[in-house]
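> These protein sequences, in sequence, are chains G and C.
The opening residue of the first sequence carries number 1 in the UniProt record's numbering; numbering runs sequentially from there.
The opening residue of the second sequence carries number 1 in the UniProt record's numbering; numbering runs sequentially from there.
Among the clues, some could well be false.
[To be verified] Here are some chain G residues pointing at chain C (derived, C-beta under 8 Å):
id, residue
1, V88
2, G224
3, A245
4, L265
5, N267
6, S270
7, F274
[Unchecked claim] Reference listing, derived: stretches of chain C covered by chain G, where coverage requires no fewer than 3 residues with Cβ under 8 Å from a Cβ of chain G:
id, segment
8, 56-69
9, 301-312
[Unchecked claim] Covered by chain G, per the in silico footprint, the following chain C stretches (three or more residues, Cβ under 8 Å):
id, segment
10, 235-245
11, 249-257
12, 274-287
Bear in mind the hints are in silico, worked out from the structure with no lab data behind them.
Ideal placement from N, C-alpha and C gives every residue a C-beta, glycine not left out.
Number of protein chains: 2
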Amino acid sequence: MTVARQVRLRARPVGLPDAGTWDVVDTELPALGDGEVLVRVTHLSLDPAMRGWLNDVRSYVPPVGVGEVMRAFGVGTVLASRSPEHAVGDAVSGITGVADHAVLRGSDLSPVDLAVASAPTWLGALSMPGLTAWFGLFDVARARPGETVLVSGAAGAVGSVVGQLATAHGCRVIGIAGGPEKTRWLTDELGFDAAIDYREGAVHRAVRAIAPEGVDVYFDNVGGEVLDSALRTLRRGARIALCGAISTYNATEPAPGPAHYMSLLVNRASMTGFVVFDYEDRYPEAIADLSARLRDGSLVARETVVRGGVDAFGDTLLMLFDGGNTGKLVLEL
Amino acid sequence: MTVARQVRLRARPVGLPDAGTWDVVDTELPALGDGEVLVRVTHLSLDPAMRGWLNDVRSYVPPVGVGEVMRAFGVGTVLASRSPEHAVGDAVSGITGVADHAVLRGSDLSPVDLAVASAPTWLGALSMPGLTAWFGLFDVARARPGETVLVSGAAGAVGSVVGQLATAHGCRVIGIAGGPEKTRWLTDELGFDAAIDYREGAVHRAVRAIAPEGVDVYFDNVGGEVLDSALRTLRRGARIALCGAISTYNATEPAPGPAHYMSLLVNRASMTGFVVFDYEDRYPEAIADLSARLRDGSLVARETVVRGGVDAFGDTLLMLFDGGNTGKLVLEL
Numbered sequence: 001m002t003v004a005r006q007v008r009l010r011a012r013p014v015g016l017p018d019a020g021t022w023d024v025v026d027t028e029l030p031a032l033g034d035g036e037v038l039v040r041v042t043h044l045s046l047d048p049a050m051r052g053w054l055n056d057v058r059s060y061v062p063p064v065g066v067g068e069v070m071r072a073f074g075v076g077t078v079l080a081s082r083s084p085e086h087a088v089g090d091a092v093s094g095i096t097g098v099a100d101h102a103v104l105r106g107s108d109l110s111p112v113d114l115a116v117a118s119a120p121t122w123l124g125a126l127s128m129p130g131l132t133a134w135f136g137l138f139d140v141a142r143a144r145p146g147e148t149v150l151v152s153g154a155a156g157a158v159g160s161v162v163g164q165l166a167t168a169h170g171c172r173v174i175g176i177a178g179g180p181e182k183t184r185w186l187t188d189e190l191g192f193d194a195a196i197d198y199r200e201g202a203v204h205r206a207v208r209a210i211a212p213e214g215v216d217v218y219f220d221n222v223g224g225e226v227l228d229s230a231l232r233t234l235r236r237g238a239r240i241a242l243c244g245a246i247s248t249y250n251a252t253e254p255a256p257g258p259a260h261y262m263s264l265l266v267n268r269a270s271m272t273g274f275v276v277f278d279y280e281d282r283y284p285e286a287i288a289d290l291s292a293r294l295r296d297g298s299l300v301a302r303e304t305v306v307r308g309g310v311d312a313f314g315d316t317l318l319m320l321f322d323g324g325n326t327g328k329l330v331l332e333l
Numbered sequence: 001m002t003v004a005r006q007v008r009l010r011a012r013p014v015g016l017p018d019a020g021t022w023d024v025v026d027t028e029l030p031a032l033g034d035g036e037v038l039v040r041v042t043h044l045s046l047d048p049a050m051r052g053w054l055n056d057v058r059s060y061v062p063p064v065g066v067g068e069v070m071r072a073f074g075v076g077t078v079l080a081s082r083s084p085e086h087a088v089g090d091a092v093s094g095i096t097g098v099a100d101h102a103v104l105r106g107s108d109l110s111p112v113d114l115a116v117a118s119a120p121t122w123l124g125a126l127s128m129p130g131l132t133a134w135f136g137l138f139d140v141a142r143a144r145p146g147e148t149v150l151v152s153g154a155a156g157a158v159g160s161v162v163g164q165l166a167t168a169h170g171c172r173v174i175g176i177a178g179g180p181e182k183t184r185w186l187t188d189e190l191g192f193d194a195a196i197d198y199r200e201g202a203v204h205r206a207v208r209a210i211a212p213e214g215v216d217v218y219f220d221n222v223g224g225e226v227l228d229s230a231l232r233t234l235r236r237g238a239r240i241a242l243c244g245a246i247s248t249y250n251a252t253e254p255a256p257g258p259a260h261y262m263s264l265l266v267n268r269a270s271m272t273g274f275v276v277f278d279y280e281d282r283y284p285e286a287i288a289d290l291s292a293r294l295r296d297g298s299l300v301a302r303e304t305v306v307r308g309g310v311d312a313f314g315d316t317l318l319m320l321f322d323g324g325n326t327g328k329l330v331l332e333l
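Just chain G, with the same shape it has in the complex (with noise of 0.2 Å):
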């Protein structure tokens, strides 16, 4: 019998999640069903996205429910396998949810080459946030050679692979992020062509000294003031991925829209929503390039790792609301 120490959602949490938001118990899981498999997670994700499952409305994907384990991306080792999959001692990845083991279908696990990239990049470079950068940039906001991309959020687990992956496609890119160490990193390692610390003044303003024409592309992760003022600066025929809104997920009012949207009517420029689950058929497609450029060194994967138990994870999850992470965080148990 195994006991598994999970992280549950003891309430919903009203703006930042805190200690009351998490239940941590120990259950005995069950003994393993024909197709599934017991995995002891060693590496877990830590997702700006998490936030939105927490809250009780339509979305994309259902939310976690109150009681329930928290849901999460995980990496893991096969212990024990009723799964035709996945023998022992493979490495998988999966939802495995924020646990330390968890008995699993088999077939909603994949495996994991551990000698192509090391468990946390699988969790980053080459799964969901790699994938969202790529269909963002690629397939939602068709980004071209020789174009402008401005990316909010660039120094994080997406930002940083959609800046990569435009320099390599030919754009010029130019980075959002907070502080002056990640603007560095940003443009002296990952070879953006420049980057903006939003904290020290209006991104249009920032942008306009940098590329006084206009940006061609917007990938938004960010939302709230920073999307206002990258409105700004589109370019006639502008398009806008929208991924995401960290800078309001913790909001306990409403956050305001952006006011400057009429210029997508001036730029006839458009801004597009969408959810990487929806591009699953292609997702080898996206992990083979994505793959070959880290083997190549064209793309750099970071992560921050934080090391401790499932305990840790409320913690570890608020350095996504601080930016206290660089590129992708995760858990490592």
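On the provided structure of chain G, position chain C as indicated by the hints.
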């Protein structure tokens, strides 16, 4: 020597234009140059977009300069011609400005066939409003038969054509307008499936009662609260065509943005701005289609025609902003 009575911009308005906005002046027109024609203007088009042309901001056309004749589309009769394209007595349309006479380049004017439609219709369903509806619905919003189309400003020059085109295209059409007279007109005369009076309560609740599954297309002429409410009714894959924002044009403080814009993400939806002038190459195709619909009665053109001199321009323009007109607003000189 011809004396033209002209309306010129005296001072840029803050909020609603008023008497201080305009100068009415009598001006001797110059002798005709080569390629020019003298036109007696008989009908002037009054458009919500005019309000935007008065602001000194970068937009899709330059602002009207202080001291300049107010920009306007008009229909008139050629009184004298040094242009091979137009003979004396011909009816023409184009940007005449707010004036009873004007000297214009013949190449900037289009012939108007008054056997096909009346002069007011040549400023409405067969001019910018009709073309805006046609390209916005078919090209920008890509409405498909069987889909649900929501349109605001539905009793206006653009919206009334959008709804009728969508109905004929096999869409289910819901119009939003102000007051029971207009909503009744939409359903009883124009064949809309349903109409909502936005003064009666939140638009999203009314839409949900009519189309619980949501809308595939939202054609926005009004902006403001109605746009924000409409965002809450989107169905997966919905398209918003952003045509105008009449509710905000006279605002003296920055109007709030659409707070529910993240509905675009949840529903994988898009919001796209457009300007009809970009479709100039394809006007003949659309005019031919709109004319055929007028002829066979499947499209009803309606205009509110005010009779008066150019002195009546300022007061007549205000009808657009207090809901005074149904269909296209025209000043007949």
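> Failing hints, ascending?
1, 2, 9
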